[in-house]
Amino acid sequence: MKPGYEQIYKRPETLLPKRMHYCPGCFHSTIHKIIMEIVEEWDIQDKVIGVCPVGCSVFAYDYLDIDMQEAAHGRAAAVATGIKRMLPDKIVFSYQGDGDLAAIGTAETIHACNRGENFTFIFINNGIYGMTGGQMAPTTLEGQKTTTSPYGREPATTGMPIKMSELVSQLISVAYVERVSCNTPANTRKAKRAIEKAFKIQMKGLGTTFIEVVSNCPSNWKCTPEESLEWIKEKALPYFPLGVFKEPAKEEVE
Amino acid sequence: MPAKGYVEISIETCKGCNLCVIHCPTKCLALNTSDTNSYGLHYAYMVDEDECIACQNCAIMCPDAAITVFKKVS
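From first to last, the protein sequence lines stand for chains A and B. Numbered per my numbering, the first sequence spans residues 1 to 254. Numbered per my numbering, the second sequence spans residues 1 to 74.
What the hints contain is simulated information worked out from the structure, not anything from laboratory work. Even glycine gets a Cβ: it sits at the ideal position worked out from N, Cα and C. It is possible that part of the hints are untrue.
Stated by the list, open to error - Which chain A residues stay away from chain B? Per the calculated CB distances, all over 10 Å, these:
#  : residue
1  : M1
2  : Y5
3  : E6
4  : L15
5  : T30
6  : Q45
7  : V79
8  : A103
9  : A107
10 : G134
11 : T148
12 : K163
13 : E226
Unchecked claim - Calculated lysine to aspartate or glutamate pairs in the DMTMM-like style (CA-CA distance at most 25 Å, straight line):
#  : chain 1 : residue 1 : chain 2 : residue 2
14 : A       : K222      : A       : E166
15 : A       : K18       : B       : E12
16 : A       : K2        : B       : E51
17 : A       : K200      : B       : E8
18 : A       : K235      : A       : E154
19 : A       : K10       : B       : E8
20 : B       : K71       : A       : E13
21 : A       : K2        : B       : D50
22 : B       : K27       : A       : E226
23 : A       : K204      : A       : E154
24 : A       : K2        : B       : D48
25 : A       : K90       : A       : E254
26 : B       : K27       : A       : E6
27 : A       : K2        : B       : E12
28 : A       : K10       : B       : E51
29 : B       : K72       : A       : E13
30 : A       : K18       : B       : D48
31 : A       : K200      : A       : E6
32 : B       : K71       : A       : E41
33 : A       : K200      : A       : E251
34 : B       : K72       : A       : E41
35 : A       : K235      : B       : E8
36 : A       : K2        : B       : E49
37 : A       : K190      : A       : E154
38 : A       : K197      : A       : E154
39 : B       : K4        : A       : E6
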């Protein structure tokens, strides 16, 4: 450190000093980082349990220095339900992509939300199956080209992209639903605040909390990280608007 | 006048995604296109050390948490 300067931002120590396997510019690692910043700032390293999905973030347990459990494909919500019921004092979150939460695991997700299971979903929505090579996901945008929709997604045969936040916000037992993104520094700060709020609501035991993060996939969208931010702004956010869909009254949270 | 802040970028952690460079409001970061780290990737570095305002935008956007930000003590 140079003399006369103080350190104001550093890599959280709860994020292990390893090189992450994600592609350059992928928001998975940004979201890992903001979760671990919260864990470090609140000093809750021994109180947080995460559940990993199958997908690009399948190795998240290698990077996050907290207790983690790997779940079968799509079943992170079911595993998190079991962990939270046995250890109600812990803060439990499931970290799932769109192939895991919105495709193979839709039933688990909807029913965990409907039962009001008191854990936090962190749903990474990048509109494509990243790990398997860029196939069409339920959240792929209309007209978006993927390896299984080479002429663009056709709503006539494959339907329209599923809006999970709107869907789960209809359920009575769900306490808090917000859609955030990481495409700008301001939105990344908002994403961190949303996850903090979800953890607070979970600690109060008010019900299921659901944070959807509109993410990117430069490798499978076949663009640079910079172009992927433009795509999010121009294509994804008009269809997946950011904002709070459901939240408890302020006096209940504080 | 000395800069309000400066950043340290871990060369081996950086993957050259350029997100810090495009979000720097004072354009004091750049991608080193003439050199690579041991993984064969270009890395970001401070091109103009006098312009940094310690806004942390680069560090917040960095997916790989490669950036440490220092601010001048007033």
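Do the hints match the structure? See the list:
For M1 (chain A), the requirement that its beta carbon stay farther than 10 Å from each beta carbon of chain B is not met, with the minimum near 6 Å. Its closest Cβ contact with chain B, about 4 Å, brings Y5 (chain A) to no more than 10 Å, contrary to its assignment away from the interface. Annotated as non-interface, E6 (chain A) brings its C-beta within 10 Å of a C-beta of chain B; the closest such distance is 5 Å. The claim that L15 (chain A) lies off the interface is violated: its Cβ sits roughly 6 Å from the closest Cβ of chain B, which falls inside the 10 Å cut-off.
For T30 (chain A), the shortest C-beta to C-beta distance to chain B comes to about 5 Å, within the 10 Å cut-off, and the non-interface label is violated. Q45 (chain A), annotated as away from the interface, keeps every beta carbon of chain B farther than 10 Å; the closest lies near 17 Å. Once the 10 Å rule is applied to beta carbons, V79 (chain A) is consistent with being away from chain B; the minimum gap is 26 Å. The beta carbon of A103 (chain A) sits about 24 Å from the closest Cβ of chain B, which is more than 10 Å, so the claim that it is off the interface holds.
No beta-carbon of chain B comes within 10 Å of the beta-carbon of A107 (chain A); the shortest separation is about 32 Å. With a minimum CB-CB distance of about 18 Å to chain B, G134 (chain A) clears the 10 Å threshold, and the non-interface call stands. Chain B leaves T148 (chain A) outside its interface by the beta-carbon criterion, the shortest separation being 26 Å against a cut-off of 10 Å. The claim that K163 (chain A) lies off the interface holds: its Cβ sits roughly 26 Å from the closest Cβ of chain B, which is beyond the 10 Å cut-off.
The Cβ of E226 (chain A) sits about 6 Å from the closest Cβ of chain B, inside the 10 Å cut-off, so the non-interface label is violated. For the suggested pair K222 (chain A) and E166 (chain A), the alpha carbons sit about 29 Å apart, so the restraint of at most 25 Å is broken. Between the alpha carbons of K18 (chain A) and E12 (chain B) the distance comes to roughly 10 Å, so the proposed pair stays at or under 25 Å and holds. Of the pairs offered as hints, the one joining K2 (chain A) and E51 (chain B) holds, with about 16 Å between alpha carbons and a cut-off of 25 Å not exceeded.
Distance restraint check for K200 (chain A) and E8 (chain B): the Cα-Cα separation of roughly 33 Å exceeds the 25 Å cut-off, and the hinted pair is therefore not satisfied. Pair hint K235 (chain A) plus E154 (chain A) holds up; C-alpha atoms about 16 Å apart against a cutoff of 25 Å. For the hint pairing K10 (chain A) with E8 (chain B), the CA-to-CA distance comes to about 10 Å; that is within 25 Å, so the pair holds. Distance check on the hinted pair: K71 (chain B) and E13 (chain A) sit about 20 Å apart at the alpha-carbon level, within 25 Å; holds.
The hinted pair formed by K2 (chain A) and D50 (chain B) meets the criterion: a straight-line CA distance of about 14 Å does not exceed 25 Å. Of the pairs offered as hints, the one joining K27 (chain B) and E226 (chain A) holds, with about 15 Å between alpha carbons and a cut-off of 25 Å not exceeded. Using a Cα cut-off of 25 Å, the hinted pair K204 (chain A) and E154 (chain A) is violated, with the two alpha carbons roughly 43 Å apart. Distance restraint check for K2 (chain A) and D48 (chain B): the Cα-Cα separation of roughly 16 Å lies within the 25 Å cut-off, and the hinted pair is therefore satisfied.
Restraint check: the Cα-Cα separation between K90 (chain A) and E254 (chain A) comes to about 19 Å, which is no more than 25 Å; the hinted pair holds. At most 25 Å may separate the alpha-carbon atoms for a hinted pair to count; K27 (chain B) and E6 (chain A) meet this at roughly 22 Å. A threshold of 25 Å between alpha carbons decides the hint, and for K2 (chain A) with E12 (chain B) the separation of about 21 Å falls inside it, so the pair holds. Annotation: proposed proximity of K10 (chain A) to E51 (chain B) holds, straight-line Cα distance about 20 Å (limit 25 Å).
Annotation: proposed proximity of K72 (chain B) to E13 (chain A) holds, straight-line Cα distance about 23 Å (limit 25 Å). Distance restraint check for K18 (chain A) and D48 (chain B): the Cα-Cα separation of roughly 29 Å exceeds the 25 Å cut-off, and the hinted pair is therefore not satisfied. Proximity of K200 (chain A) to E6 (chain A) is assessed by CA-CA distance (about 30 Å); at most 25 Å being required, the pair is judged violated. At most 25 Å may separate the alpha-carbon atoms for a hinted pair to count; K71 (chain B) and E41 (chain A) meet this at roughly 19 Å.
About 12 Å separates the Cα atoms of K200 (chain A) and E251 (chain A), which keeps this hinted pair within 25 Å; it holds. With a CA separation close to 22 Å, the supplied pair K72 (chain B) and E41 (chain A) stays within the 25 Å bound. Of the pairs offered as hints, the one joining K235 (chain A) and E8 (chain B) is violated, with about 34 Å between alpha carbons and a cut-off of 25 Å exceeded. A distance of roughly 13 Å separates the Cα atoms of K2 (chain A) and E49 (chain B); the hinted pair therefore holds under the 25 Å criterion.
A C-alpha spacing of about 33 Å is found between K190 (chain A) and E154 (chain A), which places the hinted pair above 25 Å, so the restraint is violated. At roughly 37 Å between alpha-carbon atoms, K197 (chain A) and E154 (chain A) are farther apart than 25 Å, so this suggested pair is violated. Using a Cα cut-off of 25 Å, the hinted pair K4 (chain B) and E6 (chain A) holds, with the two alpha carbons roughly 11 Å apart.
Comparing the model with each numbered hint stated earlier shows that hints 1, 2, 3, 4, 5, 13, 14, 17, 23, 30, 31, 35, 37 and 38 do not hold.
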